[in-house]
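Asker: Hey, can you work out the whole structure from these sequences and the hints?
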Amino acid sequence: MKLIFAGTPDFAVPALQSLIDSKHDVLAVYTQPDRPAGRGRQLKASPIKQLAERYSLKIFQPETLRDQEEQEKIRRLQPDAMIVAAYGLIFPRSVLEIPKYGCINIHASILPRWRGAAPIQRAIQAGDTESGITIMQMSQGLDEGDILEIAKCPISADDTGGSLHDKMAALSSEALLKTLQNIESGNLKPEAQNDSLATYAKKLSKTEAQIDWSQSAKQIDRNIRAFNPFPIAFTKFKNDRLRIWEARVSSTSIKEKPGKIVAIDKESMVVATGEGCLRILKVQQPGGKPIATKDWLNAHNIATGEKLC
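The numbers in my numbering rise by one with no breaks, and the one at position 150 of the sequence shown is 160.
For the record, the hints were derived by calculation from the structure and aren't laboratory data. It is possible that some hints are incorrect.
[Unchecked claim] Mimicking DSS-like on lysine-lysine, the simulated pairs with C-alpha atoms at most 30 Å apart in a straight line are:
(1) K188 <-> K228
(2) K212 <-> K246
(3) K270 <-> K228
(4) K216 <-> K228
(5) K199 <-> K228
(6) K33 <-> K216
(7) K12 <-> K188
(8) K213 <-> K162
(9) K304 <-> K267
(10) K228 <-> K267
(11) K110 <-> K216
(12) K317 <-> K304
(13) K304 <-> K276
(14) K299 <-> K177
(15) K177 <-> K212
(16) K110 <-> K68
(17) K228 <-> K276
(18) K33 <-> K68
(19) K110 <-> K83
(20) K162 <-> K188
(21) K33 <-> K199
Being a predicted model, the structure only gives us computed values, none of them experimental.
Answerer: Written out as structure tokens, the structure reads:
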């Protein structure tokens, strides 16, 4: 099939690589314009652009797809389908209707659960035990199109936003290629979503990453894992922001005011929550690198009874 690929971040890389390695013809790659990054704020190409450049693929980086001239470029390519994975631009109806088989989206959840911008993180946060990849026919509604293929994967008790992201990205390739095979063979069986079962995965914000110690230890653990590696859960300690990279629900049953440090050992510190206690295993101070809590404790005079807030 003649395909256009549209994607931007690391999540989209395995899918594009699988198309490059397949029998399909990647006519062009669409990705977000280069953005300033790093301390020097130098323009940086997206992971998808970097991959496309390695294979000398045609690259387009429009600011919008609403422009008539940009839409005409797509028409001239005469694609059979446009594959979309975390691209980041809105697709007007006029673009959705250009490819012979429309635009096909790779979404990181089992739709209709977790439509929206942050399905991976919201699944962990909610305590879901399973997620997956949905290949869907794009429509003008937010992740509301027909389901073409689903590939499922378990969410383990220690999965972070980063680890589940990598599992899902790898899973997307096989699901995408199977979908394209079904299109070619005429075996595709689109399934309408049940809108009554839909949930919404709102975009992550830095402000919501502040730990609320009145929540249960189980919920705070989920939040910490969901927000790793972005935006990283944090708390306040002695007027400084302390990022929490890793924690585990503790078997300690001490009841104290939420946020109070109730125990310190060689490996960690244990903090009281609204329900249960949480063992803190990896932290980061402003300007520093993430370090094991034991190293942070060795460098600071921390005592039980002190409070995180």
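Asker: Work down the list of hints and note, for each, if the structure agrees.
Answerer: Verification of the supplied hints:
Among the hinted pairs, K188 with K228 is inconsistent with the structure: their alpha-carbon atoms are about 37 Å apart, more than 30 Å. Taken as a hint, the K212 and K246 pair is honoured in the structure, with Cα atoms around 25 Å apart against an allowance of 30 Å. A hinted pair counts as satisfied when its Cα atoms are at most 30 Å apart, and K270 with K228 qualifies at roughly 16 Å. Of the pairs offered as hints, the one joining K216 and K228 holds, with about 21 Å between alpha carbons and a cut-off of 30 Å not exceeded.
At roughly 40 Å between alpha-carbon atoms, K199 and K228 are farther apart than 30 Å, so this suggested pair is violated. For the suggested pair K33 and K216, the alpha carbons sit about 42 Å apart, so the restraint of at most 30 Å is broken. Note on K12 and K188: the hinted pairing holds, with a Cα-Cα distance of about 16 Å set against a maximum of 30 Å. About 23 Å separates the Cα atoms of K213 and K162, which keeps this hinted pair within 30 Å; it holds.
Under the criterion of a C-alpha separation no larger than 30 Å, the hint pairing K304 with K267 is consistent with the structure, at around 23 Å. Proximity of K228 to K267 is assessed by CA-CA distance (about 16 Å); at most 30 Å being required, the pair is judged to hold. For the hint pairing K110 with K216, the CA-to-CA distance comes to about 41 Å; that exceeds 30 Å, so the pair is violated. With a CA separation close to 18 Å, the supplied pair K317 and K304 stays within the 30 Å bound.
This hinted pair checks out: K304 and K276 have alpha carbons roughly 6 Å apart, not beyond 30 Å. For the given pair, K299 sits about 26 Å from K177 by alpha-carbon distance, which is consistent with the 30 Å threshold. Note on K177 and K212: the hinted pairing holds, with a Cα-Cα distance of about 21 Å set against a maximum of 30 Å. For a cut-off of 30 Å, the pair hint linking K110 to K68 stands: about 20 Å separates their Cα positions.
Restraint check for K228 and K276: satisfied, since their Cα atoms lie roughly 23 Å apart, inside the 30 Å limit. At most 30 Å may separate the alpha-carbon atoms for a hinted pair to count; K33 and K68 meet this at roughly 18 Å. About 15 Å separates the Cα atoms of K110 and K83, which keeps this hinted pair within 30 Å; it holds. A distance of roughly 14 Å separates the Cα atoms of K162 and K188; the hinted pair therefore holds under the 30 Å criterion.
Between K33 and K199 the alpha-carbon distance is near 23 Å, which keeps this suggested pair within the 30 Å criterion.
Figure legend: structure checked against the earlier numbered hints; hints not met, in rising order: 1, 5, 6 and 11.
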